[in-house]
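Protein chains: 2
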Amino acid sequence: MAPQPHPVTLIPGDGVGPEVVLSARRIIEAAGVAIAWEEAEAGAEVFRRGDTSGVPRATRESIERTRVVLKGPLETPVGFGEKSANVTLRKLFETYANVRPARELPGVPTRYAGEGIDLVVVRENIEDLYAGIEHMQTPDVAQCLKVISRKGSEKVIRYAFELARREGRRKVTCATKANIMKLTEGLFKRVFEEIAPEYAADGIAAEHLIIDNVAHQLAKNPAQFDVIVTTNLNGDIISDLASGLVGGLGFAPSGNYGDGAAIFEAVHGSAPKYAGKDVINPTALILSSIMMLRHIGETGAADRVEDAILVTLEEGRAMTADLARQAGGDVEHAASTSGFTDEVIANLGRQPRTVAPRAARPAEVGGGGAPLIAPAASALPVPHARWSYGPEEAAGVERRTAGVDLFLESWEAPEAAGPALAALAGDALRLEMLSSRGTMVYPPTGVAPDAVGLLRARFVAREPTADVADADVLALVGRVADRFRWTHLEKLHVFAGEPGFTKAQGQ
Amino acid sequence: MAPQPHPVTLIPGDGVGPEVVLSARRIIEAAGVAIAWEEAEAGAEVFRRGDTSGVPRATRESIERTRVVLKGPLETPVGFGEKSANVTLRKLFETYANVRPARELPGVPTRYAGEGIDLVVVRENIEDLYAGIEHMQTPDVAQCLKVISRKGSEKVIRYAFELARREGRRKVTCATKANIMKLTEGLFKRVFEEIAPEYAADGIAAEHLIIDNVAHQLAKNPAQFDVIVTTNLNGDIISDLASGLVGGLGFAPSGNYGDGAAIFEAVHGSAPKYAGKDVINPTALILSSIMMLRHIGETGAADRVEDAILVTLEEGRAMTADLARQAGGDVEHAASTSGFTDEVIANLGRQPRTVAPRAARPAEVGGGGAPLIAPAASALPVPHARWSYGPEEAAGVERRTAGVDLFLESWEAPEAAGPALAALAGDALRLEMLSSRGTMVYPPTGVAPDAVGLLRARFVAREPTADVADADVLALVGRVADRFRWTHLEKLHVFAGEPGFTKAQGQ
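Chains W and R are the protein sequences, given in the same order.
Numbered continuously in our numbering, the first sequence closes out at residue 507.
Numbered continuously in our numbering, the second sequence closes out at residue 507.
I should point out that these hints are in silico values taken from the structure, not numbers from a laboratory.
A hint or two may mislead.
Heads up, the list lumps identical chains together, so a pair's fine if it works in one copy or across two of them.
[Claimed, not checked] Here are the simulated DSBU-like pairs of lysine-lysine, each with C-alpha atoms no more than 30 angstroms apart in a straight line:
{"#": "1", "residue 1": "K182", "residue 2": "K220"}
{"#": "2", "residue 1": "K220", "residue 2": "K273"}
{"#": "3", "residue 1": "K182", "residue 2": "K273"}
{"#": "4", "residue 1": "K151", "residue 2": "K171"}
{"#": "5", "residue 1": "K220", "residue 2": "K277"}
{"#": "6", "residue 1": "K273", "residue 2": "K151"}
{"#": "7", "residue 1": "K171", "residue 2": "K220"}
{"#": "8", "residue 1": "K273", "residue 2": "K171"}
{"#": "9", "residue 1": "K503", "residue 2": "K151"}
{"#": "10", "residue 1": "K171", "residue 2": "K182"}
The structure displayed is predicted, hence computed values, not measured ones.
All chains, please: the whole structure from these sequences, using the hints.
Rendered as structure tokens:
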């Protein structure tokens, strides 16, 4: 009896998407894997039809059924939707871990060839500035909220360690800017430090490096890295940097893993100028489909496809134009997308000579494979959280409101605005300081930073340990609103005795 | 009559700071430049004495007098101050342009040697996430405000173009994440596009690239770049990446330029384990001091010092241990900091052979030199701003408040919280949607993202074009506060007919 075919949602996407998706599909089928493809739409055409999300309901429903997606790049045409359909798909299905392997490939010449780069960037894929929550504070000052949660951090950090364990990797590097952003990036770092000891017994070392140093080290000595786990924007930048070290986006696969679905896609864009010309290099999507095969448990087929693409690159008999250009080959007679695909299919069953074939390599190196076992269902130790996420834990945290930060659109000199605001503070609160772009400007510090028309006024309880009531806050804003234009209000929380807010620069 | 000496504030700093500062000072003096040094304190000792800013008043006053600083790295010891003293200095003196040249150096072996890397990263140095404004929204969710102003963007972008013109450079690349953050990073991109045409007549090309692509291209083909101008965090990461391409932080100078002061410093840290051992490579601070000499108008001396350090690196007779290690030289008999300095001094007056000596090179290439002429005092064209910053312009912008975003600490299911909040909306407002980490969760979208205990409720005016009154907003918050814990409130502005807020993902 033939095995039950795996249901997979196939999104051809825009530009060169259909061609690279077809290449991967032909190779998977040639490798003998039975897949029940559900072809589905997303991207440019969907936006043009007036769906502002770019992802139609039928596509969402298919993914809810199959829980696995292989997709080409999607375009977000200007003027039809303001959010990227690629990002919307990742968000809707909560694929919290973006996995980007960067590994030296035979036959792909780079400045780093022979150094043995074999790293995986695990990028948090939901939070951070990609929550996309932006508000103009004044006509000339824009703001975006960077949001980092303990739960979001813990999920992706645990994913990175589980990936390291599964693939036999030896080190996880956490990359943050915690030295500057002590609450947001600092939370990610603290969660990493809490979770890391659970994996020490597996021989997985843990280190934390500042993100700019990671970028520097990736340029100087990339072979030192194994798994890098990081927040969303940091991960965006360094994963593209890492793929630049090993041949570029034409060779950069990715997997987006969530509890409910996994999405496999090439990192490159839709390259509309090459669309329909049968010239695009399909390697990135083929490598992504290998990650997909491992994810659905087809490890044998994944190994065969991986060996076949390695043989194809190593021998260089079929090079697409981009690779021929890099390798100094014959660009005029470069292989087509379909010709390259034929060659990979012809090489199924062969093993590479200059790099270790799959069977000879330990564990799952380079894969980025199986889905994360959900912590609830596993035997994992309980994390050493200061408090764990969840309504009961949050309710148990001792708390008080120490004051508020009120943001005002104002060009008044701090020496004038300060006393005026102090006089409006009322009985419960007092004005502690004013700041401009994070630097204290009142009480005067002796230097006067440039004004941009936005002041932050910090009011704190007159009684240092008092819990400020909502009524007092709203009454304060009402009084201030008679004299100033306000735009934004933040409570200053003290949770479990720790201030949940930072000082101003120079304070 | 001897020329009037230039007053310069000299901050030796922490760790290896005093040694590299002494090296630069000796070379400057040997080059015949008369400087009235004002030695001043900042950093670890200052924090330990209880000054939470790390920068004493006497130091601030010296800088207000001299307006020029040459400094070693500063430490921010844990537990004494929560803000970096390096950052505080840049903020207090509003040094809005951080200039980081990355140029191939003779005798410094790298994978990119011979490709002619010669680029300058101009990083906005005041705003963005470095404003450091963080608020815990719930016990488990942290937030940092990313703040980008038109004025801050315009100043640094204009600086970058002026630098390009002064140094005879041909292209300015603007690097942002405007595709995701359309208001904040988008503002920076728009201002760039407004200013760029003013410099077209100087033959300076302008292009915009997405920051992750810039990181990718820096790894793949860095010689394509000339000047890169970018927001603060992006610039932090790619400037360290760029220095990794040309030999590392031991060779990475920087200048921080403001209207009132300029600060020159090496990028590297205080390296306490090497402190006092006379082994550190002082090249980065020597290169920074060359930038300082150009800034104070001592271009002849700057050229002589630059030629002398190029000769020293090119000949490799005195290599500090770090360089000997990179170049495969004799680490055992490496030059000391003072020995290397002696060699540079001995080479004053000589010219390099393998690279063009200073006099043979056009303009100010590699320098990062003179202070920006303030736009007010110059003949620069008026920027093509949609509106220019300033109280009069802001007052003239047509505006209304379309609603508010209210952030709630809540674990309630959106299906329960949504109707409850809708019922509290009142006569002036209606609930438009709820989102979790930027993704819409009410009205239901058919998928249920992971909850983190923080919901954003968007209330908009019932009458679509109404201007919502403060009283209605405060009454709304009062009603909601009886039933929900709220933490943060944002007005939704419409400025000049354009919504000053983004949609949620999936909306």
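Query raised in the report: Going through the earlier hints one by one, which of them does the structure break, listed in rising order?
Result: The structure breaks only hint 6.
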